[in-house]
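**Q** These are the residues of each chain, in order.
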Amino acid sequence: MARTSLSAVALQLSGSGAAVSEPAGPASATATPTFVLDVNGREHQLTVDARVTLLDALRDRLGLTGTKKGCDQGTCGACTVLVNGRRIDSCLTLAVMHEGDRVTTIEGLASGEQLHPIQAAFIKNDAFQCGYCTPGQLMSAVGMVNEGHAIDRNTVREQMSGNICRCGCYPHIVDAVLDWKGRS
Amino acid sequence: MKPAPFDYYCPRSLDEALALLAQYGDEAKVLAGGQSLVPAMNMRLARPGVIVDVNRLPEAAVIERCDGSLRVGMLARQADLERMPVALDAVPLLAQALPHVGHWQTRNRGTVCGSLAHADPSAELPLAIVVLDGAIEARSSARGTRWIAAGQFFESYFQTALQNDEIVVGASFPARREGWGYAFEEFAGRHGDFAIVAVACAVALEPNGVASEVRLGLGGVADKPHLAPLTAYCGRVLSQRDLPEIANAAVADIEPPSDLRGSARYRRALATNLAQRALTRALASARTACDGLAQ
Ligand SMILES: Cc1cc2nc3c(=O)[nH]c(=O)nc-3n(C[C@@H](O)[C@H](O)[C@H](O)COP(=O)(O)OP(=O)(O)OC[C@H]3O[C@@H](n4cnc5c(N)ncnc54)[C@H](O)[C@@H]3O)c2cc1C
Ligand code: FES
Ligand code: FES
Numbered sequence: 004m005a006r007t008s009l010s011a012v013a014l015q016l017s018g019s020g021a022a023v024s025e026p027a028g029p030a031s032a033t034a035t036p037t038f039v040l041d042v043n044g045r046e047h048q049l050t051v052d053a054r055v056t057l058l059d060a061l062r063d064r065l066g067l068t069g070t071k072k073g074c075d076q077g078t079c080g081a082c083t084v085l086v087n088g089r090r091i092d093s094c095l096t097l098a099v100m101h102e103g104d105r106v107t108t109i110e111g112l113a114s115g116e117q118l119h120p121i122q123a124a125f126i127k128n129d130a131f132q133c134g135y136c137t138p139g140q141l142m143s144a145v146g147m148v149n150e151g152h153a154i155d156r157n158t159v160r161e162q163m164s165g166n167i168c169r170c171g172c173y174p175h176i177v178d179a180v181l182d183w184k185g186r187s
Numbered sequence: 006m007k008p009a010p011f012d013y014y015c016p017r018s019l020d021e022a023l024a025l026l027a028q029y030g031d032e033a034k035v036l037a038g039g040q041s042l043v044p045a046m047n048m049r050l051a052r053p054g055v056i057v058d059v060n061r062l063p064e065a066a067v068i069e070r071c072d073g074s075l076r077v078g079m080l081a082r083q084a085d086l087e088r089m090p091v092a093l094d095a096v097p098l099l100a101q102a103l104p105h106v107g108h109w110q111t112r113n114r115g116t117v118c119g120s121l122a123h124a125d126p127s128a129e130l131p132l133a134i135v136v137l138d139g140a141i142e143a144r145s146s147a148r149g150t151r152w153i154a155a156g157q158f159f160e161s162y163f164q165t166a167l168q169n170d171e172i173v174v175g176a177s178f179p180a181r182r183e184g185w186g187y188a189f190e191e192f193a194g195r196h197g198d199f200a201i202v203a204v205a206c207a208v209a210l211e212p213n214g215v216a217s218e219v220r221l222g223l224g225g226v227a228d229k230p231h232l233a234p235l236t237a238y239c240g241r242v243l244s245q246r247d248l249p250e251i252a253n254a255a256v257a258d259i260e261p262p263s264d265l266r267g268s269a270r271y272r273r274a275l276a277t278n279l280a281q282r283a284l285t286r287a288l289a290s291a292r293t294a295c296d297g298l299a300q
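Protein chains in written order, with the working numbering: chain P, 4 to 187; chain W, 6 to 300.
So here's chain P without its partners, still in its complex pose (with noise of 0.2 angstroms):
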């Protein structure tokens, strides 16, 4: 993996070599590490306090306030995004443990103008009501798809599991899943 080179990312992004702390190692120990993190192909340099979360990373210092925060505590996939293709919930996680990983929010997944065809098909399908845990839904669709898993209305249902909707519009979200993968 390309770890190493994590300091020297951080030197050529910051200008200035001297100001700049080598990744947080064990003879570093430090409650507020500065590292860089790469969300949607760009290297932002963050110097954060240890606890915080990578969704409050995103949320607050970031502005990339597309990841919504329902629970903070894992239950309901709204903080849902992809960290190297994965999805994970990203109010479970420290912004600190990410420095060198590829993170992508709901903010990356468009290109220009374009929607992702996930995003066109949500539409399509009126597949949610207020919104509130569509970024998640959207981002846990597409990493169900990396994972590979046969594209099914039970399968979905399983896979998404971690996906809660208020709204109850599950059956237009499988629908819009279904409807981008071309099965119904």
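Wrong hints could be hidden among the right ones.
What the hints assert, rightly or not - Partner residues aside, some chain P positions facing chain W, computed with beta carbon under 10 angstroms:
hint, residue
1, 34
2, 69
3, 73
4, 76
5, 80
6, 82
7, 83
8, 86
9, 100
10, 103
11, 143
12, 164
13, 169
Read the hints as simulated data drawn from the structure, not as lab findings. These numbers were taken from a predicted model, which means no experiment stands behind them. Every residue gets a Cβ at the ideal spot worked out from N, C-alpha and C, and that includes glycine.
Chain P is already provided as a structure; the job is to place chain W with the ligands on it using the hints.
**A** Showing chain W with the ligands alone in chain P's frame:
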């Protein structure tokens, strides 16, 4: 930001991680997948002063078959196993148990060894490793490596035989053996919730149909995985008609807790039913395994 303040360490080698635990003792906590520790810290049920993030340790995510066992390294995520058909095929009980552990989002982060170290009494993986009679490999800088039999590892609610300065570096799950059948059953309020009751079962049949081993464990009914004493049923030919009696025997000495999710009586009834289902399926799959041998 909800956890109490802590110092964050991200060691790059196991030795460094072990040295930190030796130095800070019970002030320190290992942070693996974080799927149990981060919520506990957010709710301030846990307030470690030092966090040792082990996610950067090299070579720690290895999953390999060796000597009739599946060895799972400390950083192997639950979903890593789930994505590995050879591993699932090697340990059918794990294949059946894993989908019950939370959701894909939590399994993509949560580690197999973290679940064992966490020792939730209704967790699936501790139950599976106890029924399979597997072992946990612990290491410390002071005393080196020791293997702890799963039956001795789990002590009580969130309590294991692990010392403060030890890290679980791997776990060993015995692989499928000839003539054995396996079954995992659980009931939870919603998919991905912790089990109200879970049952893991492994049955071994000799070619003549005699059951040489009947192992059945219950989760969610005690302070740790409960292995039912069923030796009385070994050395006999078992038929479907014997199974209700065995299921009753399996729950005879449990004293399940009562809580919001179910009364003790409800848990006992559930345990009996799930035990009978698991016995039925394990026996059937052992028979298939034996038929396969005979051909
Ligand atoms: C919504 C949700 C649903 C869940 N449902 C289930 C479920 O149905 N069944 C289930 O079993 N679990 C469930 N879990 C918990 C499961 O996801 C965790 O993965 C698991 O309990 C802990 O693994 P972890 O790697 O995340 O460990 P962490 O959270 O990082 O650590 C847990 C504890 O173990 C210790 N620890 C971790 N690794 C080691 C090690 N290598 N050596 C020494 N100590 C170590 C830590 O110090 C900590 O005390 C759920 C979690 C969530 C958020
Ligand atoms: S906010 Fe992360 S799962 Fe609910
Ligand atoms: S659309 Fe409202 S919670 Fe899902």
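**Q** Confirm or reject each hint.
**A** Checked hints:
no. : hint : in the structure
1   : 34   : 6 angstroms, holds
2   : 69   : 17 angstroms, violated
3   : 73   : 12 angstroms, violated
4   : 76   : 5 angstroms, holds
5   : 80   : 6 angstroms, holds
6   : 82   : 9 angstroms, holds
7   : 83   : 6 angstroms, holds
8   : 86   : 8 angstroms, holds
9   : 100  : 6 angstroms, holds
10  : 103  : 9 angstroms, holds
11  : 143  : 7 angstroms, holds
12  : 164  : 4 angstroms, holds
13  : 169  : 14 angstroms, violated
Taken one by one, the earlier hints fail for this structure at numbers 2, 3, 13, listed in ascending order.
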